[in-house]
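Novice: Please build the complex by placing chain B on the supplied structure of chain A, with the hints as guidance.
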Amino acid sequence: MAEDLSILHFAHVICPLLGLLINATSQVLLCRHERGFGLLESIFAGFICGLIMVILIEVAYYCAIPSSIAHLLGLLCICIITYGTLSYCYFHFVNLGETARRVRILRELYDSKDGLSMEEILNRYNANDIIEKRIRRLLFNGQIILKDGRYFPGNSTVLLMNKAMVIMKIVVLGKRSEFD
Amino acid sequence: MSVLFYGSLLFGLAFVLHVVWWRIRLPKRQIKVLLIILFGFLCVGSFILHQYALKISILGLHPPSDISEYSQLATYFISLILAYMITYSAIEADSPSLLIVMKISDARKSGLTKEMLGVDMDDSVLVEPRIKDLLTDKMAEMREGKYHLTTKGLMMALLFKFYRDLMRADKGG
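As they're listed, the protein sequences go chains A and B. Take the first sequence: its letter number 49 is residue 49 in the working numbering, and every next letter is one higher. Take the second sequence: its letter number 25 is residue 25 in the working numbering, and every next letter is one higher.
Extracted from the complex, chain A is given alone in its bound form (with noise of 0.2 Å):
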């Protein structure tokens, strides 16, 4: 019996492992789905569904190991957190494969068996490009606005969130860009 309880004390060590695996699953299901999702849609239901996941396990361990309330609530906090930081990595990866450089320069060399000079490698991928992208994507998530030719700031997350990266780089590198 006692082995048995100690087995099911690593049920908060899976927890938040099942919780991501759950996420991730849905999230690739959601955006196969015919009716098509969007890609933040997607990781947002994703996340919805590993939670509910991560709360019914513990929920399920409480009620098989009754204990206080407030222990509950402590395994719960941590198990929550680190399927959270979990569920960030995971958003970070799926969006690294859209929008990162290294990998779209990755993708470009693999498919040339031959391998790429700079040139060519800036003939398929380029500044330019880099840029229409992220404006139509800004614009779709409504980041900025087009008004007359001109582009203005649209909604301010964004915009907190790019401070917060640069109070970031100043506390750990020292500096405001890569290029300072």
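Everything labelled a hint here was simulated from the structure, so no lab data went into it. Note that the Cβ used here is the ideal one computed from N, Cα and C, for glycine as well. Any given hint could turn out to be false.
With the C-beta cut set under 8 Å, the calculated list includes, among others, these residues of chain B facing chain A [as the list claims (entries may be wrong)]: (1) Val19; (2) Trp22; (3) Gly60; (4) Ser68; (5) Ile91; (6) Val101; (7) Leu117; (8) Val127; (9) Ile131; (10) Asp133; (11) Leu134; (12) Gly145; (13) Tyr147; (14) His148; (15) Leu154.
Pair by pair, the computed Cβ-Cβ distance ranges are [what the hints assert, rightly or not]: (16) Arg168(B) - Ala70(A): 43 to 51 Å; (17) Ala164(A) - Leu9(B): 22 to 30 Å; (18) Cys43(B) - Phe10(A): 32 to 40 Å; (19) Phe10(A) - Gly145(B): 53 to 61 Å; (20) Ser124(B) - Phe44(A): 34 to 42 Å; (21) Val59(A) - Val33(B): 38 to 46 Å; (22) Leu160(A) - Leu158(B): 32 to 40 Å; (23) His71(A) - Pro27(B): 37 to 45 Å; (24) Ala53(B) - Ser68(A): 20 to 28 Å; (25) Phe162(B) - His33(A): 18 to 26 Å; (26) Gly74(A) - Asp122(B): 27 to 35 Å; (27) Ser68(A) - Phe47(B): 29 to 37 Å; (28) Glu141(B) - Tyr88(A): 30 to 38 Å; (29) Leu135(B) - Leu73(A): 48 to 56 Å.
Simulated pairs of lysine to aspartate or glutamate, DMTMM-like, Cα-Cα distance not exceeding 20 Å [claimed, not checked]: (30) Lys55(B) - Glu69(B); (31) Lys161(B) - Glu119(A); (32) Lys171(B) - Glu120(A); (33) Lys138(B) - Glu108(A); (34) Lys133(A) - Asp122(B); (35) Lys161(B) - Asp111(A); (36) Lys132(B) - Glu120(A); (37) Lys138(B) - Asp114(A).
Specialist: Below, chain B without anything else, positioned relative to chain A:
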């Protein structure tokens, strides 16, 4: 609660060491050094907590006591490492989207045209440094004037290709 507290404390200490180190001298292979610091703190910290469990008590909280709690602490700490490593890639390199938003925000009410946005953001700023990163991280190599993937780069390319195909998405970028 002790897992949450001691896990966060260890990560906080590792973060402080990382910042101090970076401000004194920026390592050439930043990601590698950062991983050594963070995983080093996890291993050494867990060992110290385990060895001196009876003597340590901060805010009335004793360190984790059994293997299941240490496993939980490791899971929590590794999830923090992964999250920070991913965030660090945005700290290390300027994101074009964030640069665009900053430029537009700085222009305020007058706004910016597409041509104005492109100023200072050419291939030498947006593409060439990222190719250099691939060489530094040994994901690509130069042979006879051409860039080729290394085994490490090939694994990364395959991973992202597999995932993008799974989501029926394009090449991205």
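Novice: Hint by hint, note whether the structure agrees.
Specialist: Against the structure, the hints:
1. Val19: holds (6 Å)
2. Trp22: holds (6 Å)
3. Gly60: Since chain A brings no Cβ nearer than about 14 Å to Gly60(B), farther than 8 Å, the hint is violated.
4. Ser68: holds (4 Å)
5. Ile91: holds (5 Å)
6. Val101: Result: holds, 5 Å to nearest chain A Cβ.
7. Leu117: Constraint on Leu117(B) satisfied, holds at 6 Å.
8. Val127: Nearest chain A Cβ about 6 Å off; hint holds.
9. Ile131: holds (6 Å)
10. Asp133: holds (6 Å)
11. Leu134: holds (6 Å)
12. Gly145: This interface hint holds because 6 Å falls under the 8 Å limit.
13. Tyr147: Holds, about 6 Å.
14. His148: holds (4 Å)
15. Leu154: holds (7 Å)
16. Arg168(B) - Ala70(A): 43 to 51 Å: holds (46 Å)
17. Ala164(A) - Leu9(B): 22 to 30 Å: Because 23 Å falls inside the window, the suggested range holds.
18. Cys43(B) - Phe10(A): 32 to 40 Å: The hint (32 to 40 Å, Cβ to Cβ) is violated, given that Cys43(B) and Phe10(A) are roughly 20 Å apart.
19. Phe10(A) - Gly145(B): 53 to 61 Å: holds (54 Å)
20. Ser124(B) - Phe44(A): 34 to 42 Å: holds (37 Å)
21. Val59(A) - Val33(B): 38 to 46 Å: Once the Cβ atoms are compared, 42 Å apart, the range 38 to 46 Å for Val33(B) and Val59(A) holds.
22. Leu160(A) - Leu158(B): 32 to 40 Å: Because 36 Å falls inside the window, the suggested range holds.
23. His71(A) - Pro27(B): 37 to 45 Å: holds (42 Å)
24. Ala53(B) - Ser68(A): 20 to 28 Å: holds (22 Å)
25. Phe162(B) - His33(A): 18 to 26 Å: Because 19 Å falls inside the window, the suggested range holds.
26. Gly74(A) - Asp122(B): 27 to 35 Å: violated (53 Å)
27. Ser68(A) - Phe47(B): 29 to 37 Å: holds (30 Å)
28. Glu141(B) - Tyr88(A): 30 to 38 Å: holds (32 Å)
29. Leu135(B) - Leu73(A): 48 to 56 Å: Holds - the Cβ-Cβ distance for Leu135(B) and Leu73(A), about 49 Å, lies within 48 to 56 Å.
30. Lys55(B) - Glu69(B): holds (18 Å)
31. Lys161(B) - Glu119(A): Judged against 20 Å, a Cα distance of about 23 Å means the pair is violated.
32. Lys171(B) - Glu120(A): holds (17 Å)
33. Lys138(B) - Glu108(A): Between Lys138(B) and Glu108(A) the Cα gap is close to 16 Å, so the pair holds against 20 Å.
34. Lys133(A) - Asp122(B): holds (14 Å)
35. Lys161(B) - Asp111(A): holds (10 Å)
36. Lys132(B) - Glu120(A): holds (15 Å)
37. Lys138(B) - Asp114(A): Satisfied, since the Cα-Cα distance of roughly 18 Å is no more than 20 Å.
Checked against the numbered hints given earlier, the structure breaks hints 3, 18, 26 and 31 and satisfies all the rest.
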